[in-house]
Every structure is written in structure tokens, then in C-alpha cells.
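Under the numbering used here, the first residue of the sequence shown carries the number 3, and numbering increases by one thereafter.
FYI, nobody ran anything at the bench for these hints, they're computed from the structure. Computed from a predicted structure; not experimentally measured. Backbone N, C-alpha and C fix where the C-beta goes; we use that ideal spot for every residue, glycine too. There's no promise every hint is true.
With a cut-off of at most 16 Å between alpha-carbon atoms, the simulated EDC-like pairs for lysine to aspartate or glutamate come out as follows [what the hints assert, rightly or not]:
#: 1; residue 1: 165; residue 2: 78
#: 2; residue 1: 390; residue 2: 202
#: 3; residue 1: 4; residue 2: 92
#: 4; residue 1: 179; residue 2: 233
Restraint ranges, calculated between C-beta atoms of paired labels, are given here [as the list claims (entries may be wrong)]:
#: 5; residue 1: 378; residue 2: 73; range: 25 to 31 Å
#: 6; residue 1: 161; residue 2: 427; range: 39 to 45 Å
#: 7; residue 1: 163; residue 2: 338; range: 25 to 31 Å
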Amino acid sequence: MKLIVVVSAALGSELYSARARAPFWSQLAPREIDSFFPALTSPVQAALRTASGVEVHGMGAGGYFDRTLKKVFFREQSSLLFSGPRIWEDFRARGGKVAQVCLQQSLGNDSDFYLLPAPIPKYSGGTVENFLSRPKNLYRQICEETDQEFSLACYWGPFTSVKASRWITAATGALAKRMADGESLILTYLPHLGYETQRDGPESSDAEEAFTEYEECLEEILVMAKQEGYEVLILGDYEITDADRPLFPNRLLAEKGFLSLSEADGMLYPDFFSSRAFALAEHQICHVYVENPADIPAIQALFEAMPGVSCVIPRADAPEWDHPRCGELILEAEPGAWFAYHWWEDPDQAPDYASHIDIDNKPGFDPMEICWRIWPPLSVPLDCSLLKGTHGRQCRVMCASTFEMDSSVRSFTGAAGALKEMLSQ
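Go ahead and model the full structure; you've got the sequences and the hints to work with.
Right, dumping it as C-alpha cells:
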């Protein structure tokens with residue numbers, strides 16, 4: 003078997019129905035399936051690679067709060083962060099080779115090849131472009147073979163564009179040719195459609211242009227795959243929906259005395275060591291970590307009364323969230339609403355990192371990093387109303403393939419399970 007799995011950011015059923023124009027779709031038997039829940043990048047990609055839920059793989063969001071260290075870890079990239087047997091273990095044991103291109107949490111020994119950006123922060127500000135690969139010289143070889151350099155600025159930040167997806171597309175092709183002589187599985191992630199629809203909204207003209215660009219990348223992969231003898235499976239990970247109501251759970255926790263804040267040079271920072279609760283936000287999902295179980299009922303009542311919160315899920319009552327890295331309470335936002343990590347009210351009291359691109363070190367996901375303001379130059383805006391698209395709620399996504407997919411597959415996890423069966427044969 004030779005297979006390429008294209009994980010496509012924001013390939014939701016509504017966006018597909020409104021924007022899909024390329025003739026090749028008619029040959030791929032596209033269908034709608036239920037998304038994974040939560041519909042966030044890291045949980046979805048962990049589900050794909052394990053065919054399991056959060057209670058097994060442990061990725062309830064893109065980050066987590068370490069209760070022992072009293073520290074938030076976000077976008078850590080070790081493959082050991084998610085648990086469970088990989089869907090390709092039997093395949094690999096038979097001699098099949100596995101590659102991952104720009105998937106989250108892909109760094110480790112569970113695949114034969116990987117490519118993933120790993121920027122290094124500079125003390126003077128900004129970052130050093132860096133890319134990790136297995137084998138170590140793979141990234142440089144791919145750049146030479148494709149005559150393309152990867153640009154971090156096009157992958158994350160206010161200047162995200164199709165250039166990142168084009169590089170990933172070219173890298174996928176180069177890997178496919180390297181691996182074409184034997185059984186091989188390539189998982190690749192095309193991100194740019196997700197960023198454009200968040201920044202400008204799923205119904206914007208920019209979203210329409212981004213979808214056309216996505217189709218161009220996908221067509222290049224399909225043509226290359228046919229030439230090299232690969233089948234292709236295309237999976238959407240979430241649907242971007244309109245965003246117009248930012249919610250601030252940490253402000254509420256601070257107001258009620260559950261989150262302690264300390265002042266440094268006029269800026270407010272969370273004091274995790276003396277806090278009783280903290281909300282780790284990522285789009286429409288929020289994990290609330292509560293130190294003392296006796297506080298859970300009061301905090302649950304607070305959020306149940308918070309406008310914009312669709313539901314409050316106690317982890318103790320939800321087997322599907324039963325993993326120690328999940329919060330004691332999990333919040334889901336209403337349609338149109340999303341959770342921001344901010345705890346300050348006055349912009350002058352925002353911590354220094356709030357206005358900088360530092361997604362790996364902020365104590366919460368900050369989608370505002372893909373937006374920008376003129377002054378201070380190229381800084382991250384603190385006005386959360388600027389974001390026009392969000393995701394995380396259960397939704398419908400697209401599944402398409404060059405081969406006949408089992409007609410019983412009706413969900414993302416089901417697709418992962420079917421893929422596991424294919425690889426085990």
C-alpha cells in the first residue's frame with residue numbers, strides 16, 4: 003500500500019459546499035462526516051493517528067496546565083504527548099515506512115520521516131528560523147530538491163499565506179518520490195485555509211481565494227500521487243464559523259478571587275502558585291483547572307451563568323474527557339462565541355508577551371497573532387473583536403478519497419479506524 007493522507011485545515015462541509023469548484027472533486031466521492039470533538043488541531047490529529055478519543059490519547063487541546071509545576075505548556079511537539087497505539091504500528095512492523103509533514107506532536111521515534119518548523123525565540127525579539135526533520139538532513143535536502151525555502155512568517159502570524167501550504171505540497175511530493183519503492187504512508191497538513199477563514203471570516207472574498215489556492219495545492223498532490231502510484235485520502239479537521247463574541251473566562255475567575263494576579267512593572271501576570279483556578283482557552287473550548295475539588299461547584303455555577311457559554315462539562319461526569327491533562331471543567335462556547343485567554347481589563351496592564359507573536363509560550367492559544375495592527379508596528383492586537391472566524395464545536399467536515407471508502411464511515415474517528423484497518427491488512 004502507498005497512501006497519502008491530506009489533513010486539511012477548515013475543510014468543513016459548509017465551506018466546501020459554498021466554495022468547491024475544481025473538477026477533480028467529482029472523482030473523489032466527497033462526503034460529509036461528523037468532526038472529532040473537540041474540533042481543535044492537536045486533538046483532531048491525535049485522533050487520526052490513534053483512532054481514539056481524548057480519554058485515550060490525552061490531547062484535550064493544544065496545551066495543558068501542569069498541576070505539579072503550576073505551568074502552562076502549549077504547542078509542545080513531542081509525539082509522546084499523545085498516548086495510544088498508532089494506527090500504523092502493524093504496517094510499520096511489516097516494513098512499511100511512515101512520514102509526517104507539519105503535523106503537530108510529530109517529533110519522536112514513532113515515524114520514519116518527519117518535517118516540522120521549530121522556531122527559536124531570540125532574546126532581542128523575533129525568532130530564528132529553524133526546522134526539525136528526521137533524518138536530520140532531510141529538510142535541507144527537500145529545500146534543494148524543490149528549490150523552495152520554508153518561510154515561518156507564511157506559516158504563522160499576520161502574514162500567513164498559501165506559500166506555507168505550497169512548500170508543504172512540494173515537500174510531500176519530494177517525500178513521496180523518495181518512498182515510492184516500498185509500502186509507505188504519508189500524513190501531510192495543509193494549514194493556510196484555516197488561517198484566512200479565521201482572520202477574515204468564512205464568507206469573505208479572502209476565504210474564497212484561499213479555497214481556490216487550497217484546491218491548487220490539492221490538485222498538485224493528486225497529480226503527483228497518480229504518477230507515483232499513491233492513493234489519496236482527504237480529511238477536513240474542523241469547520242470555521244463566524245466569530246463575533248470573545249469571552250474572557252480568566253477575567254471572571256480573577257474578579258471572583260479564584261485566579262490570583264501579580265503586578266510587575268505595571269503589567270498583570272497570573273500567579274499560578276496562589277491561584278485556585280485557571281482557564282486554558284483555545285477557540286471555542288476552554289479547560290478550567292481547579293485546585294481544590296470543593297471549589298468545583300461554585301466555579302461551575304459561575305460559568306453556567308456566563309453569557310456565551312453553551313455548556314459546562316464536569317470531567318468527573320464525562321468519560322470522554324477522563325484524562326488527567328484535561329481540566330476539572332470543560333467549557334464549550336455558543337455559536338459565534340470563543341474563549342480568549344486575557345485576564346486583564348486595561349490594555350496598559352497587558353503582559354509584555356500579549357502584543358508579541360509567542361504562541362508557544364503564552365498561557366493559552368492566541369488567534370489574534372494572525373491579525374496585526376499598524377502601531378506599534380506589526381504588534382499583535384489586543385482587540386479580540388478583530389477575529390472573524392473560530393472553531394472547536396462539533397461540526398461536519400469533508401472526507402474524500404481516490405479509493406472506495408467504507409460506506410459505514412460517518413465520523414472522523416470512524417475514518418481513522420477504517421484507515422487503521424487498511425494499514426493492518
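Structure-based check of all given hints:
Between the alpha carbons of residue 165 and residue 78 the distance comes to roughly 24 Å, so the proposed pair goes past 16 Å and is violated. Among the hinted pairs, residue 390 with residue 202 is consistent with the structure: their alpha-carbon atoms are about 5 Å apart, no more than 16 Å. A hinted pair counts as satisfied when its Cα atoms are at most 16 Å apart, and residue 4 with residue 92 qualifies at roughly 15 Å. For a cut-off of 16 Å, the pair hint linking residue 179 to residue 233 stands: about 14 Å separates their Cα positions.
Roughly 28 Å separates the CB atoms of residue 378 and residue 73, a value that falls within the hinted 25 to 31 Å. The hinted range of 39 to 45 Å is satisfied by residue 161 and residue 427, whose Cβ atoms lie roughly 44 Å apart. About 26 Å separates the C-beta atoms of residue 163 and residue 338, a value consistent with the hinted range of 25 to 31 Å.
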